[in-house]
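If you read the protein sequences in the order shown, they are chains A and B. Residues in the first sequence are numbered consecutively from 0, following numbering that gives the first Met the number 0. Residues in the second sequence are numbered consecutively from 0, following numbering that gives the first Met the number 0.
Hints should not be assumed to be uniformly reliable.
Each computed DSS-like pair below joins lysine-lysine, with the alpha-carbon atoms no more than 30 Å apart [claimed, not checked]:
(1) B:K135 - B:K351
(2) A:K405 - B:K351
(3) B:K178 - B:K135
(4) A:K305 - B:K178
(5) B:K104 - B:K178
(6) B:K324 - A:K405
(7) B:K257 - A:K405
(8) A:K305 - B:K351
(9) B:K30 - A:K125
Please keep in mind that the hints were generated in silico from the structure rather than gathered at the bench.
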Amino acid sequence: MTTITDPPKGQFRVSMLLSDTRYRSLTFQAIALFVLIVAIAYLASNLVRNLEAAGLNISYEFLGNPAGYDINQTLIPYDSQSPHLRAAWVGILNTLLVAFLACMTATVFGVVAGVLRLSNNWLISKLMAVYVEIFRNIPVLIWIIIIFTIMTAVLPSPRAFRGDDPTSTMVLGSMAFTNRGVYIPGPQLGNPLFASVALNWVLVLLFLVGSWFGSHALSKWAHAKQEETGELPTTWYYTLAIWIVPAGILLTIMGLHWQIPELKGFNFSGGIKIGGPLIALWFALSIYTGAFIAENVRAGIQAISKGQTEAASSLGLRPGRVMSLVVLPQALRVIIPPLISQYLNITKNSSLAIAVGYADVTATLGGITLNQTGRAIECVLLLMLFYLTISLSISAVMNVYNNSVKLKER
Amino acid sequence: MSDTHAHSVAFVRKEQIPQSPPPARQTGASKWLRENLFSNWVNTLLTILAAWAIYLILSAILPWIFNGVWNASSLSECREILAGKTGACFAVLTERWNQLLFGFKYPPELYWRPILCFFLMLVAVAPVLFFDLPRKMLLFTAVFPFVAFYLIWGGPILTPIVALLGCAAGYVIFDRYGKESFAAGFFGGIVGAFVVWIIGGLVVDLVRPENPMMTPVPSRDLGGFMLNMMLGVTCVSLSIPLGIVLALGRQSDMPLIKGICVVFIEFIRGVPLITLLFVASVMLAYFFPPDSTVDLFLRVVIMITMFSSAYIAEVIRGGLAALPKGQYEAADSLGLDYPQAMRLIILPQALKISIPGIVNVAVGLFKDTTLVSVISMFDLIGMIRGPILASTEWNGVYWELLGFAAFLFFVVCYGISQYSQWLERRLATDHR
Numbered sequence: 000m001t002t003i004t005d006p007p008k009g010q011f012r013v014s015m016l017l018s019d020t021r022y023r024s025l026t027f028q029a030i031a032l033f034v035l036i037v038a039i040a041y042l043a044s045n046l047v048r049n050l051e052a053a054g055l056n057i058s059y060e061f062l063g064n065p066a067g068y069d070i071n072q073t074l075i076p077y078d079s080q081s082p083h084l085r086a087a088w089v090g091i092l093n094t095l096l097v098a099f100l101a102c103m104t105a106t107v108f109g110v111v112a113g114v115l116r117l118s119n120n121w122l123i124s125k126l127m128a129v130y131v132e133i134f135r136n137i138p139v140l141i142w143i144i145i146i147f148t149i150m151t152a153v154l155p156s157p158r159a160f161r162g163d164d165p166t167s168t169m170v171l172g173s174m175a176f177t178n179r180g181v182y183i184p185g186p187q188l189g190n191p192l193f194a195s196v197a198l199n200w201v202l203v204l205l206f207l208v209g210s211w212f213g214s215h216a217l218s219k220w221a222h223a224k225q226e227e228t229g230e231l232p233t234t235w236y237y238t239l240a241i242w243i244v245p246a247g248i249l250l251t252i253m254g255l256h257w258q259i260p261e262l263k264g265f266n267f268s269g270g271i272k273i274g275g276p277l278i279a280l281w282f283a284l285s286i287y288t289g290a291f292i293a294e295n296v297r298a299g300i301q302a303i304s305k306g307q308t309e310a311a312s313s314l315g316l317r318p319g320r321v322m323s324l325v326v327l328p329q330a331l332r333v334i335i336p337p338l339i340s341q342y343l344n345i346t347k348n349s350s351l352a353i354a355v356g357y358a359d360v361t362a363t364l365g366g367i368t369l370n371q372t373g374r375a376i377e378c379v380l381l382l383m384l385f386y387l388t389i390s391l392s393i394s395a396v397m398n399v400y401n402n403s404v405k406l407k408e409r
Numbered sequence: 000m001s002d003t004h005a006h007s008v009a010f011v012r013k014e015q016i017p018q019s020p021p022p023a024r025q026t027g028a029s030k031w032l033r034e035n036l037f038s039n040w041v042n043t044l045l046t047i048l049a050a051w052a053i054y055l056i057l058s059a060i061l062p063w064i065f066n067g068v069w070n071a072s073s074l075s076e077c078r079e080i081l082a083g084k085t086g087a088c089f090a091v092l093t094e095r096w097n098q099l100l101f102g103f104k105y106p107p108e109l110y111w112r113p114i115l116c117f118f119l120m121l122v123a124v125a126p127v128l129f130f131d132l133p134r135k136m137l138l139f140t141a142v143f144p145f146v147a148f149y150l151i152w153g154g155p156i157l158t159p160i161v162a163l164l165g166c167a168a169g170y171v172i173f174d175r176y177g178k179e180s181f182a183a184g185f186f187g188g189i190v191g192a193f194v195v196w197i198i199g200g201l202v203v204d205l206v207r208p209e210n211p212m213m214t215p216v217p218s219r220d221l222g223g224f225m226l227n228m229m230l231g232v233t234c235v236s237l238s239i240p241l242g243i244v245l246a247l248g249r250q251s252d253m254p255l256i257k258g259i260c261v262v263f264i265e266f267i268r269g270v271p272l273i274t275l276l277f278v279a280s281v282m283l284a285y286f287f288p289p290d291s292t293v294d295l296f297l298r299v300v301i302m303i304t305m306f307s308s309a310y311i312a313e314v315i316r317g318g319l320a321a322l323p324k325g326q327y328e329a330a331d332s333l334g335l336d337y338p339q340a341m342r343l344i345i346l347p348q349a350l351k352i353s354i355p356g357i358v359n360v361a362v363g364l365f366k367d368t369t370l371v372s373v374i375s376m377f378d379l380i381g382m383i384r385g386p387i388l389a390s391t392e393w394n395g396v397y398w399e400l401l402g403f404a405a406f407l408f409f410v411v412c413y414g415i416s417q418y419s420q421w422l423e424r425r426l427a428t429d430h431r
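Build the full structure now, drawing on both the sequences and the hints.
Structure follows, in structure tokens:
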């Protein structure tokens with residue numbers, strides 16, 4: 000005798016749409032779809048009516064028109080006659096530049112502060128705790144403005160470097176910190192054979208790839224040797240040589256020399272100029288995000304139980320090997336996902352550039368272009384599209400990484 | 000044996016040696032110093048470097064603070080008083096105190112309203128933050144939003160009363176019918192609230208007094224730190240329920256609902272807050288009916304709430320995912336339906352796990368309210384960079400003003416994060 004019977008088939012009643020779990024989810028989804036469509040239709044009709052009233056239409060033709068404004072810091076050739084699209088590209092490259100620089104330095108600050116916060120030294124660990132708390136709890140916008148104020152209000156003007164008895168001198172004789180920006184020596188290639196920029200990049204890249212393969216082969220050989228004899232050969236100076244020597248030879252052939260900025264007229268010329276806004280943004284994002292990364296690093300290291308270290312030591316591994324073979328691989332699994340989302344935050348926070356006048360994509364496309372053309376909807380949509388692309392690709396990378404380091408449970 | 004021993008040895012101690020103090024270097028301050036500051040040469044070097052850095056920072060800042068001038072009417076007067084000494088010009092804070100806190104357009108004779116509102120807020124928030132307080136206080140918390148609206152914006156008193164009545168009607172209906180069927184109570188409550196609001200709106204329009212008791216203040220006159228506080232508190236409290244709904248939607252097994260929630264969350268999390276504020280300032284107006292005027296404050300609140308609700312949804316999703324599957328199955332096996340299971344079993348535990356994350360989002364959001372200065376709203380930063388630094392008296396007083404802003408934000412954010420750590424310790428009752 001069986002007590003379980005199939006629910007009676009057929010006999011569909013309308014009330015089953017709500018009471019029967021088989022149909023209820025369909026009902027809810029139909030309602031949700033209906034509400035969604037109504038909402039979108041309502042917003043769209045408002046949009047159309049408002050646009051008509053304002054005599055506007057949605058069109059991206061303005062991107063081809065001359066922008067008509069200058070940008071003080073550009074990575075690609077640009078002048079005020081270039082189209083708006085070009086200005087947007089300049090902004091995108093500037094965003095990526097500051098995001099990249101800030102990610103690098105924030106990682107350095109964060110790792111150093113996170114490791115030092117776990118130090119046995121009471122003073123150092125307290126100092127790092129203070130650093131983390133102060134920088135985490137004050138808005139990044141205030142940090143950007145503070146550093147920008149230092150750049151513009153505290154640093155001397157180029158005039159102070161003039162004369163026989165100048166009030167300011169160049170640091171190490173080659174770097175000038177002025178309120179118009181920081182001037183550092185720039186690399187110049189003297190050999191006329193290497194005039195093509197693209198070719199040079201390809202050459203440098205080829206050498207780097209070659210060095211990478213070389214060092215890879217070396218470490219493979221070292222491991223094979225260890226398997227064979229039990230002794231791991233010391234290879235770090237070979238690795239260093241593989242990386243440095245070919246690149247050094249290439250650069251010497253290319254005729255690399257450094258052009259030192261000089262005071263000419265009212266300003267410095269030559270070398271590389273890093274504008275005050277870029278430095279403010281770069282440095283503020285680095286120290287602010289560095290404080291967050293420090294916490295992630297600390298949490299990652301603390302997440303590895305002491306037993307792991309002790310077990311590794313009892314196997315006879317030396318402290319350095321314990322760190323590199325046992326603790327770090329496990330800690331990185333904890334550290335890297337939040338680290339990548341901090342990188343994402345840096346990229347998004349770099350949009351605060353608009354507060355100090357750094358020409359990132361928010362300032363060019365979402366700021367001046369938007370104000371000049373009045374194409375609010377198009378500009379904001381393009382801006383969002385750019386940031387979404389960056390975010391989604393970074394999350395995709397993160398997902399791949401997470402899957403590759405996931406604990407394999409069997 | 001013992002006898003011979005006693006005779007052959009010159010001296011035998013009869014009593015125990017009294018305990019002697021440990022060597023000086025193994026005790027007290029010197030031991031602590033050796034262990035914590037000078038254990039080896041690397042540590043010693045680090046200690047000296049750190050002490051040097053602290054000395055540099057303090058020797059620059061302390062005289063500046065202690066020589067500070069608190070009474071002057073302009074920067075030049077400050078400099079005269081200081082007569083060449085290093086010193087801060089805190090006079091800008093005393094002179095522009097009201098502007099920093101309330102903005103430069105809020106009517107000075109009405110300052111008591113936001114101040115009262117602030118203290119009432121502390122009372123309203125207290126029972127939410129501290130569970131030991133009497134639960135009856137939550138009643139005041141429920142009424143507070145309407146009181147706060149009335150205090151800050153003023154205008155006819157009927158508006159907040161009608162809003163309150165609508166919410167009360169919705170709650171009564173939900174309470175009456177929600178026990179039998181969650182959906183009936185929920186939707187009935189919404190419909191009831193709307194009915195009250197529509198009827199009440201007509202009544203409010205009919206009996207609009209010529210001179211309301213509280214002078215109305217338009218939103219564009221709000222400013223200063225008050226604006227940051229208002230944005231922060233409003234958006235966080237609105238985004239928590241929204242975040243719960245989004246998180247549950249993302250967990251749902253209905254593909255359409257899940258899809259909508261995923262797209263919303265990922266979209267919002269993928270773009271910076273600035274672009275959303277741009278949407279609020281230049282784009283959102285296109286999506287409202289042509290004759291409506293939704294003021295900038297409300298548009299900003301909408302966008303920031305959407306922003307933080309996406310982040311809170313992700314935090315709560317983490318909490319939901321951290322619950323063991325057995326909890327869901329136990330709820331099912333008790334015969335609870337979905338709303339019951341969520342309300343009684345899943346959410347209380349999931350929210351408890353997500354409290355630290357939610358607090359982090361709240362702190363981040365409060366810091367992010369400074370971004371509204373970019374779309375030319377005069378919050379604390381907007382006031383500092385705009386009217387105050389641009390005035391002829393105070394042009395050039397950067398550090399005092401920025402330091403003050405940093406200090407205010409630090410106090411609030413550090414306080415909240417300390418609270419969250421206390422709460423985490425308090426709630427740590429389970430087996431995790």
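Against the structure, the hints come out as follows:
1. B:K135 - B:K351: 22 Å, holds
2. A:K405 - B:K351: Holds - the C-alpha atoms of B:K351 and A:K405 are around 26 Å apart, at most 30 Å.
3. B:K178 - B:K135: 22 Å, holds
4. A:K305 - B:K178: Answer violated: A:K305 to B:K178 is near 51 Å, above 30 Å.
5. B:K104 - B:K178: 49 Å, violated
6. B:K324 - A:K405: 20 Å, holds
7. B:K257 - A:K405: Satisfied, since the Cα-Cα distance of roughly 25 Å is no more than 30 Å.
8. A:K305 - B:K351: 28 Å, holds
9. B:K30 - A:K125: 19 Å, holds
Of the numbered hints given earlier, the model fails hints 4 and 5; all others are met.
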